[in-house]
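Residue numbers (the numbering used here), protein chains in the order written: chain X, 1 to 287; chain L, 288 to 548; chain D, 549 to 800.
Fair warning: there could be bad hints in the mix.
Unchecked claim - From chain L, some residues computed to sit far from chain X (all C-beta separations above 10 Å):
hint, residue
1, Q324
2, S333
3, N343
4, L347
5, M468
Said to hold, decoys possible - Below, in silico cross-link-like pairs of lysine-lysine (DSSO-like), each with a Cα-Cα straight-line distance of 30 Å or less:
hint, chain 1, residue 1, chain 2, residue 2
6, X, K98, L, K298
7, D, K738, D, K763
8, D, K719, D, K763
9, D, K738, L, K339
10, D, K751, D, K763
11, D, K751, X, K69
12, X, K76, D, K614
13, D, K614, X, K69
14, D, K738, L, K335
15, D, K738, X, K76
16, X, K69, D, K738
17, D, K657, X, K69
18, D, K614, D, K646
19, D, K648, D, K614
Please keep in mind that the hints were generated in silico from the structure rather than gathered at the bench. As the structure is a prediction and not an experimental result, all values here were calculated from the model. Think of the CB as a built atom: it goes at the ideal place given N, C-alpha and C, for glycine as much as any other residue.
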Amino acid sequence: MSTTLANQQRSKIISLLSPAYLWLTVAIFLPLSAMLYFSFLSDVPFGQTEWHLTTENYQAFFQTTTYAKLLWKSIKLGLIVTGFAVLVGFPCAYVLAKVIQGRAREALFLLVILPFWSNSLVRIFSWAIVLRGNGVLEIGLNAILPFEVDVNLMFSTPAIVIGLVHSYLPYVILTSYLALQAIDDNLIDAARSMGAGKHTILWRIILPLSLPGLLAGAVLIFVPVVGSFMEPRILGGRVGTYFGTVIEDQFVAVFNWPLGAALSFILLAVVLVILALSSPILRRAQT
Amino acid sequence: MSGLLLARLGKIWLFCILVFLYAPILVMAFMSFNASQYYQLPFEFSLKWYEKLAGNAEILDAATRSILIALVTTVIATVLGTAASVALFRFEFRGKRFLQVMLFPPIAIPWLITGTAMLIFFYGIGLGRGTPSVIIGHVALAIPYVIVVVSARLATFDHTLEEAARSMGASGWTVTRRVTMPWIAPGIIAGALFAFAVSFDQFVVSYFLSEPGDSTLPVLIYTSIRKGFTPEINAISTIIITVSMVVMLIAARFSNFGGER
Amino acid sequence: MSPRRFPRPSKALHPHRQQNRSQQPANDPTYNAPKRPINIHKENTQAFEEAPTSIEVFWDSAHAGKVSIRDDALEAVQFAAIATDQDINDIADMDAVKSKLTALMPQIKTYWGSENDWNQFMAAGDLEVATIWSGSASRSMSAGLPVEFVVPSEGAIGWLDGLSIPVSSTKQDAAHAFINWIIDPAFYVKWAADGAPASANAKAAAALPDDAFNKRILSDPEVVARVQFQRPVSDENREAYLALWQELKAAQ
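With these hints in hand, go ahead and build the complete structure from the sequences.
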């Protein structure tokens, strides 16, 4: 009896999981495995090139301080962007889930994500028009303010942060919303009627219960931002060199795929280590 | 502070964020009506980019193709991703943690590298280029986003609800259809919207895997920055955003997926 | 062919005679006709009373924060080699190149990556002086950007592109027809009106109107003599240049 139940359960698990994971295996895991193999080669094995197995590409990371310095810069950027996005997005999600009522909520929910149905390159060009000297922001501020201001944020770290926060904000808003909206209002009312203050309700009920959504959003922001290259390159100008832009160069400018692949897997390893190290802390915060 | 004042401040905050989110979109639309090819200010009204767009079959074809590919991708990725999320949520089994961790490589490794890897691999196994290859790639990139977003919603799900329904005699399928699905519907909608965005803005995979002459809108946009990038791109983007907004607002009017109880 | 050795993206130029041999390196000057300079500098005319003549304008503090060069290690190093009076194909003093580039970095507002970037930055007034390819410059000028193209007295980088027909080609006739068409004077005059690279075909170059960009600026033999043409670069040098360029960029 229990074996048939276990078998039934196993077949259910397999039938639900295998389509997605088979798809991922064929289209992502196997290709990335090929890339992982490339990262241990001296040259790409096409045509008549000579190549051999080597760990040179990984050693290259440690031979200069350039790569480590840029990786650290990228991780800091990831933390800053995630931090801003959470601070800005979580209250927004709370308002959407708990303050707005009725049909307006569905409309706003859709409006939050709609900007991302446009092309990211066109969006970044638009930010450039907003942020540059004599741009939309400066003209707009000078039209409102009684005194003259000089605003030229283009080609600076703040410009990169603004562009990236904008690109990833919907993730944290929507995942936080999904969790916040699930909190039963009766629970909050009950706590209030028992004399809990606003801070207590926020720290003891709302945050812990919405943490899964908040964390999912934070991970969806932090992970891609560390490897981002387009926003830093266009909005950062001279200060826009990051780990992601160096990887991009290896693939599109100097065609050293093995080194580019090795740098990508170092990036992946570091990101996974950061997620693994932070998960016990976050789990403790959750209980 | 009174609750009412706080609620009002919250609404103002939400409004400010919407302004922030739409600022570049408005600029994009604005520049589609500006005469300068290089986005030069001061603004000079002109409809010439729309006129040029109307005669530009290449952009219009690419936009149509992108929308179709994104729709197909959204449907497949949402179905597969939701099924996987339900399994990851409902069952405990060996290797579950590993499967969850495996969602991160596609998100963490820049698409440029994943796209290059796909190109090499698809050629290696003889699949080659073409729209099916593009869709296979897009779906794979979208699935992790769907799983993470749907799982975030599922994490709030109360197991006792399913148990209660089951104890009252509901079958497994009925429980899924009547209890679980309505609960995670907002998560599925959000996942689908992200899947659409991932596909619709995907450049690398489409660039490597689409057949010459069958390019998608992002491919056209990125290849045009080498030389002839024109505000026609702004014009088509503005049209797409406006139409999607109208469709979405109508959909919002007639549906209830925000999780209202 | 190793992807690492692909010629980098560039404007197509043309051979002065048709070649049937296969697999010639696209930028081998012994194979192609001497071609015209591609990569020089150019500035926003509104920022200058008079066009500069020296490459030192890139280091002039009057233009600090308004300078741009292309984000390319080889080009950056060769650019500094010209500014330090060296042979771009045989750089003897890399330390001089490094200190010259180090001094250039604070002047730079942004690097450019594509013609489109360049045009947008120039149009917005972000840049006053920047390197550019001659073909791109002529296109920008014909599109109405207020810029001028100058070949500095110290020299400039040039390179050659060629059209080759693989021996294995099954459409040799069509390939010949295409090459004949693209180097034909009548076609070239039309192309040059929208902005074209310099032509290898002397007859085509001569057919241009006198005010055409490619005739006005690039037909002067003295100008051509100042241009240093890129030769194939060894993998070791390429890697050393890249390491230097990345180090400089990472330090910003």
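Exercise. Going straight from one Cα to the other, do K98 (chain X) and K298 (chain L) come out at no more than 30 Å?
Worked result: holds, 11 Å
Problem set entry | Pair hint outcome, K751 (chain D) versus K69 (chain X) [Cα-Cα no greater than 30 Å] | At roughly 54 Å apart (the allowed maximum being 30 Å), K69 (chain X) and K751 (chain D) break the hint.
For this session: Would you assess whether M468 (chain L), listed as outside the interface, keeps its beta-carbon beyond 10 Å of every beta-carbon in chain X?
Result: holds, 14 Å
For this session: Assess, step by step, whether the Cα of K719 (chain D) is no farther than 30 Å from the Cα of K763 (chain D), and give holds or violated.
Result: violated, 34 Å
Exercise. Quick one, are K76 (chain X) and K614 (chain D) close enough, alpha carbons at most 30 Å?
Worked result: It holds: about 28 Å lies between the C-alpha atoms, which stays within 30 Å.
Exercise. Holds or violated: K648 (chain D) with K614 (chain D), Cα cutoff 30 Å?
Worked result: Satisfied, since the Cα-Cα distance of roughly 17 Å is no more than 30 Å.
Exercise. When you check the alpha-carbon spacing of K614 (chain D) and K646 (chain D), does it fall within 30 Å?
Worked result: holds, 21 Å
Exercise. Would Q324 (chain L) pass as off the interface with chain X, using Cβ distances and a cut of 10 Å?
Worked result: Non-interface label stands for Q324 (chain L): nearest chain X Cβ at 12 Å, farther than 10 Å.
For this session: Starting from K614 (chain D), check that the Cα of K69 (chain X) is at most 30 Å away, please.
Result: Holds, at roughly 27 Å.
For this session: Test the statement that N343 (chain L) is away from the interface with chain X: the closest C-beta pair must be farther apart than 10 Å.
Result: holds, 16 Å
Exercise. Is it true that the CA of K738 (chain D) sits at most 30 Å from the CA of K339 (chain L)?
Worked result: Holds: K738 (chain D) and K339 (chain L) sit about 22 Å apart, inside 30 Å.
Problem set entry | Assertion that L347 (chain L) lies farther than 10 Å from chain X (Cβ) | holds, 15 Å
The structure fails to meet hints 8, 11, 15 and 16 from the earlier list, while all remaining hints are met.
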